[in-house]
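S.K.: In order, the protein sequences belong to chains A and B.
For reference, each letter of the first sequence is one residue, going 1 to 91 in the numbering used here.
For reference, each letter of the second sequence is one residue, going 1 to 132 in the numbering used here.
Keep in mind that the hints were calculated from the coordinates and are not lab data.
Quick reminder that beta carbons are idealized off the backbone N, C-alpha and C, glycines included.
Be aware that one or more of the hints could be misleading.
To be verified - Label-pair restraints from in silico Cβ distances:
1. 79/B - 64/A: 21 to 27 Å
2. 65/A - 7/B: 20 to 26 Å
3. 57/A - 17/B: 28 to 34 Å
4. 83/B - 24/A: 35 to 41 Å
5. 102/B - 68/A: 32 to 38 Å
6. 60/A - 58/B: 29 to 35 Å
Spelled out, the chains give:
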Amino acid sequence: MDFQKPPKNYLIESILVTIFCCLPFGIVGIVFASQVNSKFAGGDYKGAIASSKSAKKWMTWGLVLSVLYYVIIYFFIFSILGITILSLGNN
Amino acid sequence: MVKLKYFGFLFLGLFLALLYFYINPYNVNYFPKCPLYVTTGIYCPGCGSQRATYELLHFHFIGVLKQNILYIVGILILAYHLIISLLNTVFNKSIYNYIYHPKTPWIILIIILVFWILRNLPFYPFNLLAPH
Chain A
1 MDFQKPPKNY LIESILVTIF CCLPFGIVGI VFASQVNSKF AGGDYKGAIA
51 SSKSAKKWMT WGLVLSVLYY VIIYFFIFSI LGITILSLGN N
Chain B
1 MVKLKYFGFL FLGLFLALLY FYINPYNVNY FPKCPLYVTT GIYCPGCGSQ
51 RATYELLHFH FIGVLKQNIL YIVGILILAY HLIISLLNTV FNKSIYNYIY
101 HPKTPWIILI IILVFWILRN LPFYPFNLLA PH
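With the sequences and hints as input, model every part of the structure.
M.R.: Structure, rendered in structure tokens:
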């Protein structure tokens, strides 16, 4: 078998998702990252690619959820701020 | 298209950096809170990250450690990965990246889980790990 590069394991991304918002998604991502590494080390390249895809999926969902969570809250902050500034202008 | 994506990330990063530089999350109560902490009162491994970001942007490393030790670990792992990738791609080196070692993700997972349990123990010295 030729030397192949290990598929991307999304470990860094999963750690960031864990630290900044969505713990369960990040942890599933880390588990899949470990599968990518161990399957690749065992010579199961197809399995490693499949695990890489799962890791990417969980990491992406965690990322989307955290971005949504932050954006919704920021939206409320800035709309409240805007309303306050506008109502101050009316007085 | 790829360039546009990177510009977007750069802009978002700058915006967030300015936001967390000028507003101390400790003093205001309208920043997004950890959903787990709000619903159950349990600290998750990421609790304190926003305050840690504020402290990091002001170079108060002791403050970062007080809020969340895992944050520093995460930043160090990120820096390690970026430096190794940069050396390998730009300077055509072939340094082994331990991110791809079979045992690394398990070690990180165990660190996160142990840290999660320890920081919720309400007595000394473990209560130092909770954000405060």
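S.K.: Next, verify each hint and record whether it holds.
M.R.: Quick rundown of the hints versus the structure:
Taking 21 to 27 Å as the suggested C-beta distance range, the pair residue 79/B and residue 64/A conforms, at roughly 26 Å. In this structure the hint that residue 65/A and residue 7/B lie 20 to 26 Å apart at CB holds, the actual value being about 24 Å. Between residue 57/A and residue 17/B, the C-beta spacing of about 29 Å keeps the proposed range 28 to 34 Å intact. For the pair residue 83/B and residue 24/A, the supplied restraint of 35 to 41 Å is violated, since their beta-carbon distance comes to about 30 Å.
For the hinted restraint 32 to 38 Å between residue 102/B and residue 68/A, the CB-CB distance of approximately 33 Å keeps it satisfied. Under the hint 29 to 35 Å, the C-beta atoms of residue 60/A and residue 58/B, about 32 Å apart, fit the expected range.
Taken one by one, the earlier hints fail for this structure only at number 4.
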